[in-house]
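Using the sequences and the hints given, assemble the complete structure.
Here's the letter readout for the chains.
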Amino acid sequence: MDATEEIRRLKYRYLRSLDLKQWDEFADTLTTDVQASYGKRLSFEGRDAVVDYMRTSLPPTIITVHQCHHPEIEVDGDTATGTWYLDDKVLVLDHRLMITGAAFYEDVYARTDDGHWRIARTGYVRSYEAMEKLDDSWQLTANRWSESTPSATTT
Amino acid sequence: MDATEEIRRLKYRYLRSLDLKQWDEFADTLTTDVQASYGKRLSFEGRDAVVDYMRTSLPPTIITVHQCHHPEIEVDGDTATGTWYLDDKVLVLDHRLMITGAAFYEDVYARTDDGHWRIARTGYVRSYEAMEKLDDSWQLTANRWSESTPSATTT
Amino acid sequence: MDATEEIRRLKYRYLRSLDLKQWDEFADTLTTDVQASYGKRLSFEGRDAVVDYMRTSLPPTIITVHQCHHPEIEVDGDTATGTWYLDDKVLVLDHRLMITGAAFYEDVYARTDDGHWRIARTGYVRSYEAMEKLDDSWQLTANRWSESTPSATTT
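Chains as they are written, first to last, in the working numbering: chain A, 1 to 155; chain B, 1 to 155; chain C, 1 to 155.
There's no promise every hint is true.
Copies of the same chain look alike in the list, so a pair counts if it works inside one copy or between any two.
Computed list of lysine-lysine pairs in DSS-like fashion (alpha-carbon distance at most 30 Å, straight line) [what the hints assert, rightly or not]:
id, residue 1, residue 2
1, K21, K89
2, K89, K40
3, K40, K133
4, K21, K40
These aren't lab readings, by the way, just hints derived from the structure by calculation.
If you want it as structure tokens, here you go:
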């Protein structure tokens with residue numbers, strides 16, 4: 001597998017483990033001294049700070065979907081840069097809120113001592129982010145984090 | 001074209017022919033004994049069962065958009081596995097309902113006797129699925145399956 | 001970088017510069033005699049016509065998100081064809097309207113005299129396009145083109 005594909009897979013693992021709330025695997029995608037900046041309001045220094053924030057902010061009642069598109073990756077030896085186009089949706093079930101948005105990510109990757117690529121710096125600038133109240137008619141018909149979701153749909 | 005790219009293209013053809021309701025091409029992406037499991041409620045054994053279900057469930061009044069992201073594909077000789085992140089939307093026009101969702105696919109692929117890769121097993125676990133009534137203000141401005149869609153937008 | 005990857009990157013640059021309203025970079029992704037056809041209502045001949053239309057139609061009060069998936073690219077010497085699956089969203093802030101849609105792109109690419117691939121023909125057929133009024137509860141919490149967006153969300 002070439003470095004570009006390894007880095008794409010790294011980003012997929014980062015987003016998958018984030019949305020599946022698998023915090024050990026999520027932590028493993030970051031360098032120990034990662035710098036992360038999500039929009040204007042949230043910045044973190046170091047793996048522990050990022051993971052702690054995500055773990056405490058994203059309980060099972062908050063469903064997140066982070067999908068990244070359009071990888072533009074440049075590899076230079078053991079470092080690399082990458083641009084991605086994020087599409088994300090956050091369902092805050094307890095408050096029946098939905099947050100949607102899009103952003104351009106600018107990442108830096110490093111091949112660390114064990115030979116694996118990790119995220120050394122990550123950040124994005126949002127095109128937009130919006131919050132809305134979910135309409136009364138809106139109902140969950142499946143929820144990975146709840147066994148008791150009613151089966152109301154026929155498709 | 002290497003096997004990984006062939007398998008990505010297979011998945012794109014599967015999803016494109018599904019959303020375009022091109023059932024012969026859709027059938028050709030599956031092995032004859034494919035096993036398919038879409039969420040907890042829908043499981044099928046064999047190509048004919050999958051195709052029959054889709055063909056009868058998805059008339060032109062139901063518009064589907066299935067887009068898969070983040071391919072993580074592992075090839076081992078003539079078999080392969082793949083994980084994908086689905087984003088989907090279903091418009092049930094007759095009832096003015098919209099279903100949205102996200103899921104992680106786990107697929108198995110096989111290179112069959114004619115040298116082509118096909119889907120041997122497919123299934124997903126949904127992060128969430130939701131159903132909502134389309135707001136009164138919501139109106140179609142284009143519809144591939146209807147010639148008479150009004151042209152109300154200027155963009 | 002092989003031709004297939006160069007063409008994917010070309011498409012990402014085209015969509016990124018479109019959504020970021022970077023019209024010089026956008027123009028550079030097109031051949032001078034490009035033919036563009038967006039749905040049934042909008043067709044253009046030549047780079048200047050495309051760029052002029054986009055520049056005047058998409059001021060900062062109109063936020064666009066165009067993301068393309070499922071690249072199926074065939075290279076034949078210095079020309080190539082490509083199919084993509086578009087997912088798009090347009091926020092018309094002044095009128096609190098949102099347009100959403102999906103479409104299959106059919107593109108033709110050409111390697112031009114300077115060795116760079118450019119878009120020679122582009123067009124799509126929409127699966128659907130819909131327009132809706134944004135609900136009263138819907139509010140922007142980030143906007144790349146506005147410094148004064150209130151920070152109302154905590155995520």
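Can you tell me if K21 and K89 fall within 30 Å by alpha carbon in one copy, between copies, both or neither?
Both. Shortest intra-copy (15 Å) and inter-copy (24 Å) distances satisfy the 30 Å Cα cut-off.
At most 30 Å between CA atoms: does that hold for K21 and K40 within a copy, between copies, both, or neither?
Close inside one copy (23 Å) and across copies (21 Å); limit 30 Å.
Please sort K40 with K133 into within, between, both or neither, judging by C-alpha distance up to 30 Å.
both (23 Å within a copy, 28 Å between copies)
Is it within, between, both or neither when you check K89 against K40 at 30 Å Cα-Cα?
For K89 and K40, the Cα distance is within 30 Å both inside one copy (18 Å) and across copies (23 Å).
In this structure, none of the earlier numbered hints is contradicted; all agree with it.
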